[in-house]
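Using the hints provided, position chain X relative to the given structure of chain H.
Quick note, the sequences are listed as chains H and X, same order.
Start counting the first sequence at -10; every next residue gets the next number (my numbering).
Start counting the second sequence at -10; every next residue gets the next number (my numbering).
Honestly, the hints are just simulated from the structure, not real lab data.
Hints are supplied without guarantee of correctness; some may be wrong.
[What the hints assert, rightly or not] Partial list, computed: chain H residues near chain X (C-beta under 10 Å):
hint, residue
1, Tyr19
2, Phe48
3, Val120
4, Pro170
5, Val209
6, Arg246
7, Gly251
8, Phe253
9, Gln261
10, Val263
Note that the structure is a prediction, hence the values are computed from the model and not measured.
A virtual CB, placed ideally from N, CA and C, is assigned to each residue, including glycine.
2 protein chains.
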Amino acid sequence: MELWFTELQTPAVGITCKTSRTLIEEHTGYQHLAIIETEQFGRMLVLDGMVQTTERDEFVYHEMLVHVALNTHPNPRRVVVIGGGDGGTIREVLKHPSVEEAVLAEIDGRVVEACRQFLPSISGALSDPRVTVKIGDGVQHIREAREEYDVVLIDSTEPVGAAVGLFSPEFYADVRKALRPGGIMVAQTESPFFNQDLIRRTQAGIRASFPVTRLYLASVPTYPSGLWSFTLGSLTHDPLQVDPAAIKDMPTKYYNRDVHFGAFQLPTFVRQLVESADAPASLNGSASAGGA
Amino acid sequence: MELWFTELQTPAVGITCKTSRTLIEEHTGYQHLAIIETEQFGRMLVLDGMVQTTERDEFVYHEMLVHVALNTHPNPRRVVVIGGGDGGTIREVLKHPSVEEAVLAEIDGRVVEACRQFLPSISGALSDPRVTVKIGDGVQHIREAREEYDVVLIDSTEPVGAAVGLFSPEFYADVRKALRPGGIMVAQTESPFFNQDLIRRTQAGIRASFPVTRLYLASVPTYPSGLWSFTLGSLTHDPLQVDPAAIKDMPTKYYNRDVHFGAFQLPTFVRQLVESADAPASLNGSASAGGA
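Next up, chain H with everything else stripped away, as it sits in the complex:
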């Protein structure tokens, strides 16, 4: 018998993966959670039917969510990850020796527990003494923070259910207040092929609170369209003005000094998408020419 897991990434396109077994499957109260064993990508975390991370390609997303900001900030000491219960983002944060404390604010404790049990190569860093795991609402955690963090990383699921609040202008304004002077935030902001309205909205929302707002890209095979965007908001420091010589060699498989700058060199249709974020009329418009 062959078992295939299929995620419909849009109503009209999906990814399908051969699986050998289901390690855990449950409703957590927040969402449906599963970890399955796939032949192509190793173990895979699936929330509400959507691929969140896999053993084989998680390095792209986690490295790119973290290292651009942490190499742009001159001295990141306190970092908070909103969401990211698998622990992969925290693992990358801890590769920076300046980091004294890394806080994980994850709403669903069962995600953390399941990943600790079944995805140790991703979650292992959660046991590091520099890490504080807080199970609770990330929106509220940020709302209550005042100049506490050097970097805020928003490692959310798709903008449905509990994650909707993590994509709002009000949340980004709270992130700004939670940052120390010189602070930086990065949010995952979905696919420029499939989620153009969301990218326009998050661009506009982050720009409203941050003088430096920049979108960059990375290739994640298991995410819709394979091309993923991240949006960085910064109070002072510009990732494109970093001295390349100051970016140290790190034990990474995707991010490096060249990728730090190359990821901001946007295809024309993505550049137009970012520029169109200033035009309010486009918020509910249809996909632009480049959209698939």
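For chain X alone, coordinates are given in the frame of chain H:
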């Protein structure tokens, strides 16, 4: 009733697309050919069950196969496309005013005819007076050419069936002889996540004939893993030494001056893959750390 077309891109992962109808389906003598209507990507050309091009995302592959080389060569006048029967590569070639003749050498005349009928936005340029369509074996066409072309573009299918010869060191040596002084070739060289052995082999094969050999990347949603590689071989000119000011604005949706350089900024696992092409032992080795 819902109809879904699924391509298994590897034995363990696939893409699945909702379809409304099949416009043409036949065995051509060379391969199985189909053009289907999909909801996500518009019309889609499928050869031997593998997605070749779609109306919505074809711009990425065609622009990136063409414009890097044609903006690196100072005066490309004669260009040949090997394969590429859909006409999209020729369309992009003709955007360069210096081009006097563009030859299409496609082995399967039925691909050209079907695309002329059902994919006019891609194939339309084949009717341009600067274009010569030659139905025949591209390997032989190149073998018989002596200093005829400024640029050779290898727009092949996957390395199976009729296309196998287009990935061999002997073919690249023939391409070199077919080029005029200062000539450049580019080949599509598959996914760095899924086709690592092929990338090592084509790197080694192209390096054996070309003093400048460089791999670059682009994001194509309908191709396996979403991340696609191209390998450029050049007799003289280096794409990274092009004066950015000499790259004119063009009517493109993906390629631009920034992408010209950014596409060569390789993720660490891809850089290691390219560097490992010098090590013969790796030719039959297993996937490296970065592979999915």
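For each hint, the structure was consulted:
no.: 1; hint: Tyr19; in the structure: 28 Å, violated
no.: 2; hint: Phe48; in the structure: 7 Å, holds
no.: 3; hint: Val120; in the structure: 25 Å, violated
no.: 4; hint: Pro170; in the structure: 31 Å, violated
no.: 5; hint: Val209; in the structure: 8 Å, holds
no.: 6; hint: Arg246; in the structure: 9 Å, holds
no.: 7; hint: Gly251; in the structure: 3 Å, holds
no.: 8; hint: Phe253; in the structure: 8 Å, holds
no.: 9; hint: Gln261; in the structure: 8 Å, holds
no.: 10; hint: Val263; in the structure: 13 Å, violated
Violated hints, in rising order: 1, 3, 4 and 10; the structure is consistent with all others.
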